[in-house]
Amino acid sequence: MTFWVKQGISQENKPETDSLAYYDLKEVVITATRSERKRQDIPMPVKVLSQDVISNTGLRRADEILNEQTGIITITDQSGFKGIQMQGINSEYIMILIDNVPVVGRQSGNLDLSRLALGNIERVEIIKGPSSSLYGSEALGGVINIITQKPKSNDLKLGVDAAFGSFETSDFNLSTQQKLNDFSYSVFINRLSSGGIDLDKNLQGNTIDPFENYTLSSHIKYKFSDDLKTAINYRLFYQNIDISGEREEWDNNLTSITNHKWSSKLNAHYELYFTQYQANQLETDPITDNILFNSEFNQRLFRPEIRLTYDIGSNQELISGFGSNFEFLDRNLFENDVSFNSQYVYTQYSFSAFKNLDLIVGGRFDTHSEYDSQISPKASAIYKLNDKLSIKASVGSGFKAPDFRQLYLDFTNSAVGYTVVGNRVEEAVIERLQNNNQILSLSVNPEDLGQPLEAESSLGINLGFSYQKNKFNLDFNAFRNDIQNLIDTRIIARKTNGQNVFGYINRDNIYTTGFETDLSYSFNPNFKMSLGYQLLYAFDKEAEERIDNGDVFVRDPETLVTQRLERSEYFGLPNRSRHLANFKVFYKIPEWKAFANLRLNYRSKYALFDTNGNGLIDDFDDSFVDGFSLVNLTLSKSLFDHYKFQIIGENILNNEQTGLLNLPGIRITGKIQYQL
Amino acid sequence: MKTLKLTTFILMSLFMLSCSDDDEVMPLAEVESTTISNLHAPQEGGQGQPVSGTFTKFDFETGQETNSDTDWDIAFRGTTIAVNGGTETGTTDEPLRTSDAGVTIVNGTFEDITEVTEDIEFDQDGQDGFAIPTGSGNGWYNYDFATNILSPIPGKIIVVKTSDGKYAKIEILSYYEDAPSDIDPFEDAPRYYTFRYAYNPNDGQTTFN
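First to last, the sequence lines map onto chains Z and H.
The numbering of the first sequence is the working numbering, which starts it at 647 and goes up by one.
The numbering of the second sequence is the working numbering, which starts it at 387 and goes up by one.
Since the hints were derived computationally from the structure, they do not count as laboratory data.
The beta carbon of each residue, even a glycine, is placed where N, CA and C say it ideally should be.
Worth double-checking, as some hints may not be accurate.
Only part of the chain H face toward chain Z is listed, based on derived beta-carbon distances under 8 Å [as the list claims (entries may be wrong)]:
#: 1; residue: G476
#: 2; residue: G523
#: 3; residue: N528
#: 4; residue: T533
#: 5; residue: P540
#: 6; residue: L559
A short list of chain Z residues far from chain H (calculated; beta carbon distances all over 10 Å) [what the hints assert, rightly or not]:
#: 7; residue: N961
#: 8; residue: S970
#: 9; residue: N1260
#: 10; residue: K1283
The following block holds chain H by itself, in its conformation from the complex:
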């Protein structure tokens, strides 16, 4: 046991040393975890009618909603999430994909996902559907026909390769305005996303710490 403790100590010291070295050479922007509340993602149609309407686009670099046709990473309309990579899926009013961004869903808590490992593969939108599958239980949410409540599936973390090749992770927390803890599907307004994300703005870095 003593050897083990000693080894750990040495490793840690080395690690700290190397860190301080790095700091001196090139200061890095920090990865911060941010929560976005009430991102409104309206849609037209539904309930048996064809769905249409503009997607609400989001840019991780600015951490904000955007109207740009090119500088966006992911976009929301109702329960559908598009990514700025791939081709059209065929739905009305969808944005043109202008970059090579991709997404994937990983199981875990937000904290569990500390880096984009080698085995993570990113998907893009296309003729076969959205990279984040739509429908209850397929992608990021479950919809209960009995209660008419839509719940984000806990433990589904969306990992994003952004339009400029950087990495982010998102956890969707609520689909209803002001993220009520006790949802009344007839009172609480849907299509208001609350999500937490972490974005690493440093080129080539795959970690979220």
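One chain only, chain Z, in its complex shape:
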């Protein structure tokens, strides 16, 4: 249903000239309930970015557009890996889907969304919180589903664009799509390259190394009959990063979906999904050619799934699905190739309890070869007081399985000498190190080595309302997410070289709470303003307990005097800003076929790590990054019938920051687009 029906309801009904006609009331969302629903009818916090919203920014990659949405930011962790944060929950716990199937290939849990090109995107759906728990592991903080364009008409649609910008960046897109009676196809090709960025000349190496990457995305569909259709999606991403040595990445996704309508009530989907992510990195010293770092990573996932949708009638619908995940990973930091397999079944029942009250209940059960079975229930409700105001509530649980790294890593840092081992190989690695006389003593009981890790789990509650009246739209959502059993490192042995052997353990319990709100107003179809804000508190529960017990102290670095830390001086988890805000203005001049689109994104101060030795971030640490604003401006003008010119200014306030943030200053891109 997702892939071929009703794709373009909103598009087709739109008048050609003023596509902004206030608010799109027919906007559909698939991710939240696994069936197509109008956004207004969904009880979970949902945001949809339409093709227009995306193309009006002129941005190129998924991370860039997501960064402009309320409550979402791209963060860089201590190791320099980038990922998205949502409701204060990090990338590791956010599932990213392309056309409903998950993207794999994470670095220390982070998924870098700059891998995903925007040139052929129909819409992006963002579901916050774990209440869409039908997706299984990783979906405990939310789900982002990137849905690609599918052909809608028999006319050939052809688009070409080229963009050139700061830092020798160039971006080319070619897309074509067409429907030929029962057959339809679309092809998209993108090439992006950059000359790299070096913000700090004093440091060796680049801030961002020069790179070039290619994306191929294709889709074919054949309609055997009105009741039987098959679609095949294939996507390939290849990237080559220019470093001293070699660094390459491949990302392959192949999906086949068959939709069989058994009757007017029963609809079946048969889905086969295969994906592979491969990354090789060989870093050498530019002068001596010595190998500094060598990493080979090759992950595969194969997933068959069957999903049944049964329309019971009188507003009742039942969706059930089951499937298996077969995962494999070869990594040179592991002793052996490793594999997981898991089976899952999920079901969801939606119905109207009373007039105006719609309920959705459901759950998912996962069994796994490496850890205990998981049950993830969810329930949500929407109550429509009238046409304009509806109240939404949802509660759900999610989990994240220990990943390959936490189970099988066997890594010794050659420069410093410490060792990190995955849970499953703790005993074997310790034995090997002992035989090599590298272990001085164990820091834990020998029986505790290899004690199974539990899955991390979360409970999320969202409560909000949405108000919509002609020119005015207000969404409000309060959230609370509690995550238990977070996996952290611990020392399991002392080495003779004075360093430690680290293992993984379930330790931390954290929570994130706050609210997010979006307010927008259209003065007229050509002039729209919006305001978004998120308030966030994100804390470690153990840290709060230790502070309450008077066990946390802070020492003044000047006077060296120590005092007890107050609860109010505990700032919270790293990389979380208390306030996120955005302000957007869209102004269109129809007679000139031109528009200006201004977006301001503000992030309040945050800290990256503890600097005063007490193991948590408090007001006295000096790793705080001051709050800052990024302003992006896009100017666009259409010419003749088929041409469009855009100038995209990113970070036009030229807010350059070095260090971990590595924020380049102003970037200007010029883009020319041809659309047949």
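Mind docking chain H on chain Z? Use the hints.
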């Protein structure tokens, strides 16, 4: 409230009386708080190589570094602190333990720890490791891999039962030379301890006032 004030007054007077009595009977040495700066604790190896090198020994009685094989209480090498009690841990070049000294880490400010209470138990070095656990976050320090800075954990007070059965408390203030307030791990020299300690030289006394 008045009764309370009165009681306090009486107690205080009694206390002062008893104190003056004591003074007359037997004068006691005072417990003083002293700060030692830049006690150098070098080590060989590390960074992936086996660690070795002589420990820098400290004696509370003299308040000084010492080369004595027996008259020392605690000893430093890199981030490792040994105590003169227990047995060998197995690391190269460690000093022989010649007495029954012990250490323990107590949470609190330096001022909070006013006496060695009954419930404090002392640990000694041995096969299972040092009495003051090594490694970031385990004992007296935290090491941050991102900044490469080693910080003494504030609020960790090391209480020592010395080699001759007396008591001391130590707060480690800095691991870098001259205790810079803004540490540059590539400029500031590590393995220079700055610490504050209080030592009660009186036999059998457990207080630090």
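Verification of the hints:
1. G476: Hint on G476 (chain H): holds, closest Cβ of chain Z at ~6 Å, below 8 Å.
2. G523: Holds - the Cβ of G523 (chain H) comes within 8 Å of chain Z, reaching about 6 Å at its closest.
3. N528: holds (5 Å)
4. T533: holds (7 Å)
5. P540: Given a least distance of 4 Å, the restraint on P540 (chain H) holds.
6. L559: Given a least distance of 5 Å, the restraint on L559 (chain H) holds.
7. N961: Given that every Cβ of chain H is farther than 10 Å from that of N961 (chain Z), nearest at about 54 Å, it holds.
8. S970: holds (38 Å)
9. N1260: violated (6 Å)
10. K1283: At about 46 Å from chain H, K1283 (chain Z) clears the 10 Å cut-off, so the statement holds.
Hint compliance for this structure: hint 9 is the single one not met.
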